[in-house]
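A.B. asks: Protein chains in written order, with our numbering: chain Z, -10 to 100; chain L, 35 to 149.
No lab work stands behind these hints, which were simulated from the structure alone.
You may find that some hints are simply not true.
Stated by the list, open to error - Derived EDC-like pairs: lysine to aspartate or glutamate, alpha-carbon spacing no greater than 16 Å straight-line:
#: 1; chain 1: Z; residue 1: K87; chain 2: L; residue 2: D134
#: 2; chain 1: Z; residue 1: K83; chain 2: Z; residue 2: D38
#: 3; chain 1: Z; residue 1: K26; chain 2: Z; residue 2: E72
#: 4; chain 1: Z; residue 1: K57; chain 2: Z; residue 2: E45
#: 5; chain 1: Z; residue 1: K99; chain 2: Z; residue 2: D48
#: 6; chain 1: Z; residue 1: K99; chain 2: Z; residue 2: E72
#: 7; chain 1: Z; residue 1: K95; chain 2: Z; residue 2: E28
#: 8; chain 1: Z; residue 1: K26; chain 2: Z; residue 2: E(-9)
#: 9; chain 1: Z; residue 1: K83; chain 2: Z; residue 2: D16
#: 10; chain 1: Z; residue 1: K95; chain 2: L; residue 2: D134
#: 11; chain 1: Z; residue 1: K95; chain 2: Z; residue 2: E72
#: 12; chain 1: Z; residue 1: K87; chain 2: Z; residue 2: E(-9)
#: 13; chain 1: Z; residue 1: K83; chain 2: L; residue 2: D72
#: 14; chain 1: Z; residue 1: K31; chain 2: L; residue 2: D72
#: 15; chain 1: Z; residue 1: K60; chain 2: Z; residue 2: E(-6)
#: 16; chain 1: Z; residue 1: K46; chain 2: Z; residue 2: E72
#: 17; chain 1: L; residue 1: K78; chain 2: Z; residue 2: E(-9)
#: 18; chain 1: Z; residue 1: K31; chain 2: Z; residue 2: D73
#: 19; chain 1: Z; residue 1: K83; chain 2: L; residue 2: D134
#: 20; chain 1: Z; residue 1: K95; chain 2: Z; residue 2: E(-6)
#: 21; chain 1: Z; residue 1: K87; chain 2: L; residue 2: D90
#: 22; chain 1: Z; residue 1: K87; chain 2: Z; residue 2: E28
#: 23; chain 1: L; residue 1: K137; chain 2: Z; residue 2: D38
#: 24; chain 1: L; residue 1: K78; chain 2: L; residue 2: E93
#: 25; chain 1: Z; residue 1: K60; chain 2: Z; residue 2: D73
#: 26; chain 1: Z; residue 1: K11; chain 2: Z; residue 2: E(-6)
#: 27; chain 1: Z; residue 1: K60; chain 2: Z; residue 2: E(-9)
#: 28; chain 1: Z; residue 1: K87; chain 2: L; residue 2: E113
#: 29; chain 1: L; residue 1: K78; chain 2: Z; residue 2: E(-6)
#: 30; chain 1: L; residue 1: K48; chain 2: L; residue 2: E113
Bear in mind that the values here come from a model prediction, so they are computed numbers and not experimental data.
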Amino acid sequence: GENVEQHPSTLSVQEGDSAVIKCTYSDSASNYFPWYKQELGKGPQLIIDIRSNVGEKKDQRIAVTLNKTAKHFSLHITETQPEDSAVYFCAASKNFNKFYFGSGTKLNVKP
Amino acid sequence: NAGVTQTPKFRILKIGQSMTLQCTQDMNHNYMYWYRQDPGMGLKLIYYSVGAGITDKGEVPNGYNVSRSTTEDFPLRLELAAPSQTSVYFCASSYSDDRDREKLFFGSGTQLSVL
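If we strip away everything but chain L, and leave its shape as in the complex, we get (with noise of 0.2 Å):
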């Protein structure tokens, strides 16, 4: 049982430069997250999806993007990347039940750097 997989684990880009980080879980999970991680900071909420076709905002959602169009995967878009983008991506998933959906299942991040 792989969980929450991400891709790639460390990448360097350019400024100006876009990418995808990639996610997708083998849970049958609806509902999907991506977070990110400065040094020395809590996780903060880029942006959400409670099922595929539906994405909202989290805290911080400038300069990124998403979409899902499948259960499985939920893919996290930087169309014209920044330094202040440097930080660890985590994505995440949780079940669908009132009882369980707060119980979040992370990835193993995605440290990306912008230089």
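Next up, chain Z with everything else stripped away, as it sits in the complex (with noise of 0.2 Å):
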């Protein structure tokens, strides 16, 4: 099946830095790829998303990019601020039914 791996683990960054988080897929017919954030307590909620027949797509601060050749896609948030500390987690999948995700990593903006 698939495999999807999340890098890093945890992130710290300074309010208004960027942060970019990774991740890679193993399944090259994998065609969808969510980004969830998970803020403490309470269930992920989907922030952004890409299909496999677009490089990068763009949210106001929030941007995901997806190299197909390499198998890898990335978030990227600009100019962050305290409320983006959350767990985020990458997904993968070519079936609406199965989703794999990414381990989590865990953002702390420090104001």
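Hints given; two lone chains; assemble the complex.
C.D. replies: Okay, here's the thing in structure tokens:
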């Protein structure tokens, strides 16, 4: 089956700096790559996603890039704010009912 | 709009006990899922359902059972609790149309400890 690896496991940045989280996947048939944000005591929430026919997608301070050849995708957060502090999960899927999640990155934004 | 609601939020079970984790959604989603999240690990799919009366196994179904008698409810049953089932359990749902069915809406989770 699919194997998704996520790095780093923890990331600490100063407010206003950028943060980058990287994921690799093993199954070249995967075609949908979402990112979820999980705040303390809450369930994960979708923040951005990308499909395999697109190389980059942006939504305000958040962007995701996809390199299909290398089988990796990344989450970029610019101008980080304290409220960005959370655990972020990447995932890969080729069927809507089967998602393979990375192990998560705990992002800490220091004021 | 409540979204996906899970109960209870916390539970401690003794080995061999049984319990049902409740999940209900008010978004009229056909698709519903149960995931477990172990410390330092990603979420793993236990069971899913594409509609009332239809369920199927995910990656880690052993030790669990589900039923889907209505669109709104998708309970998860643990029959003989084992320490390996200590985890945080998340229920999720998604839209039925092809474009959005991959976008999962999660509940706030149930933290279960089996001692």
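A.B. asks: Holds or violated: K87(Z) and E(-9)(Z), Cα atoms, limit 16 Å.
C.D. replies: 10 Å, holds
A.B. asks: Given the hinted pair K87(Z) and D134(L), is their alpha-carbon gap at most 16 Å?
C.D. replies: 14 Å, holds
A.B. asks: Can you confirm whether the C-alpha distance between K78(L) and E(-9)(Z) stays at or below 16 Å?
C.D. replies: With Cα atoms ~12 Å apart, K78(L) and E(-9)(Z) stay inside 16 Å; holds.
A.B. asks: Between K137(L) and D38(Z), does the CA-CA distance stay at or below 16 Å?
C.D. replies: Holds, because 9 Å separates the two Cα atoms, which is no more than 16 Å.
A.B. asks: Within a Cα-Cα threshold of 16 Å, do K60(Z) and E(-6)(Z) meet the stated pairing?
C.D. replies: 11 Å, holds
A.B. asks: Quick one, are K83(Z) and D16(Z) close enough, alpha carbons at most 16 Å?
C.D. replies: 9 Å, holds
A.B. asks: Verify the proposed pairing of K60(Z) with E(-9)(Z), using a straight-line Cα cut of 16 Å.
C.D. replies: 12 Å, holds
A.B. asks: Does E72(Z) lie within 16 Å of K26(Z) when you go C-alpha to C-alpha?
C.D. replies: 11 Å, holds
A.B. asks: K87(Z) and E113(L): Cα distance at most 16 Å?
C.D. replies: Distance of about 25 Å is beyond 16 Å: violated.
A.B. asks: Is the straight-line distance between the alpha-carbon of K46(Z) and that of E72(Z) 16 Å or less?
C.D. replies: Given pair K46(Z), E72(Z) is violated - Cα atoms ~22 Å apart, limit 16 Å.
A.B. asks: Given the hinted pair K95(Z) and D134(L), is their Cα-Cα distance within 16 Å?
C.D. replies: At roughly 27 Å apart (the allowed maximum being 16 Å), D134(L) and K95(Z) break the hint.
A.B. asks: Is K95(Z) close enough to E(-6)(Z), meaning Cα to Cα at most 16 Å?
C.D. replies: Cα-Cα ~14 Å, so holds.
Consistency with the previously given hints fails for numbers 5, 8, 10, 13, 16, 22, 25, 28, ordered from lowest to highest.
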